[in-house]
Amino acid sequence: MRTSYFILSALCLGLLGGCASGPEEHVWNREVTSAFVADDGQLYLLPRYDEPMRFNAAPFREYRALMDSPLREAVACAQMYFHEDWRDPANKAKVHGSYALLLRPERVTREQAAQFKLERIEVTPREAKAVEERARYYLPMDRTRYALAFDRACNLSRKGGSYYSALFEGDGERVKLPDAAALAEKGKLAQPINARAQRILPVREDKPGVGSAAGKVLGAALIPVAVPVFVLSLPFLGPDHWK
168 MRTSYFILSA LCLGLLGGCA SGPEEHVWNR EVTSAFVADD GQLYLLPRYD EPMRFNAAPF
228 REYRALMDSP LREAVACAQM YFHEDWRDPA NKAKVHGSYA LLLRPERVTR EQAAQFKLER
288 IEVTPREAKA VEERARYYLP MDRTRYALAF DRACNLSRKG GSYYSALFEG DGERVKLPDA
348 AALAEKGKLA QPINARAQRI LPVREDKPGV GSAAGKVLGA ALIPVAVPVF VLSLPFLGPD
408 HWK
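Numbering-wise (the numbering used here), the sequence shown opens with residue 168 and increments by one.
Errors might be hidden in some of the hints.
Calculated cross-link-like contacts (lysine-lysine; reagent style DSS-like; alpha-carbon spacing at most 30 Å) [unchecked claim]:
| # | residue 1 | residue 2 |
| --- | --- | --- |
| 1 | K284 | K326 |
| 2 | K355 | K343 |
| 3 | K355 | K259 |
| 4 | K296 | K326 |
| 5 | K261 | K343 |
| 6 | K259 | K353 |
| 7 | K284 | K296 |
| 8 | K343 | K353 |
| 9 | K326 | K353 |
| 10 | K355 | K261 |
| 11 | K259 | K326 |
| 12 | K326 | K261 |
Hints were generated in silico from the structure; no laboratory data involved.
Produce the entire structure from the sequences given, and follow the hints as far as they go.
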């Protein structure tokens, strides 16, 4: 029944008119081409076709520490993910971001797991197959640790298995940047990050005045931010790591 719900949601989106029974959920890939940590202590991610986003840089520092350790070679898959909920017009500028990793347990010691606060997870064949299929057809999925880290480019087994999970996440916001083009060039990544994005839209109802909230969402103000100094590069993993 749960799978049927996701299929129905996809069909509703395909018919353009949507379904009035609940909120619409859009799933797509968002290409991040530039990323940097500025002197204000914030992590900035600049997508190719969307507004820049900023997050607290603390989770990034934890990720950087893991990447600077021998555990880098234990990573089996990684995925950046953005979740937005536009049902409340006041939340239009808010974004929840995460970068999740799956690590091969045979290459992780008990001491390393404790040091980096890794969580051991068991993935059933049913979950592995469901996540792969939903990722293939851009269907919404539960935000489990496995689903958050899943990327089809990693060629993970559809039989599931045992992994260690690392999850770096936080709430952020869309911002406006002065000299955005220059900053994007300065923080340009050697390889863009193909992140997964999911957005929940307000319920659409064909009644006069009821749908006005959606218009207010689109008119929500973004916060101007000055970021004068680029200070760090980001060692995000890409398809070359899985080969």
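Hint by hint, here is what the structure shows:
| no. | hint | result |
| --- | --- | --- |
| 1 | K284 <-> K326 | holds (26 Å) |
| 2 | K355 <-> K343 | holds (17 Å) |
| 3 | K355 <-> K259 | holds (26 Å) |
| 4 | K296 <-> K326 | holds (7 Å) |
| 5 | K261 <-> K343 | holds (13 Å) |
| 6 | K259 <-> K353 | holds (28 Å) |
| 7 | K284 <-> K296 | holds (27 Å) |
| 8 | K343 <-> K353 | holds (17 Å) |
| 9 | K326 <-> K353 | violated (42 Å) |
| 10 | K355 <-> K261 | holds (23 Å) |
| 11 | K259 <-> K326 | violated (38 Å) |
| 12 | K326 <-> K261 | violated (36 Å) |
Of the numbered hints listed earlier, those contradicted by the structure are 9, 11 and 12.
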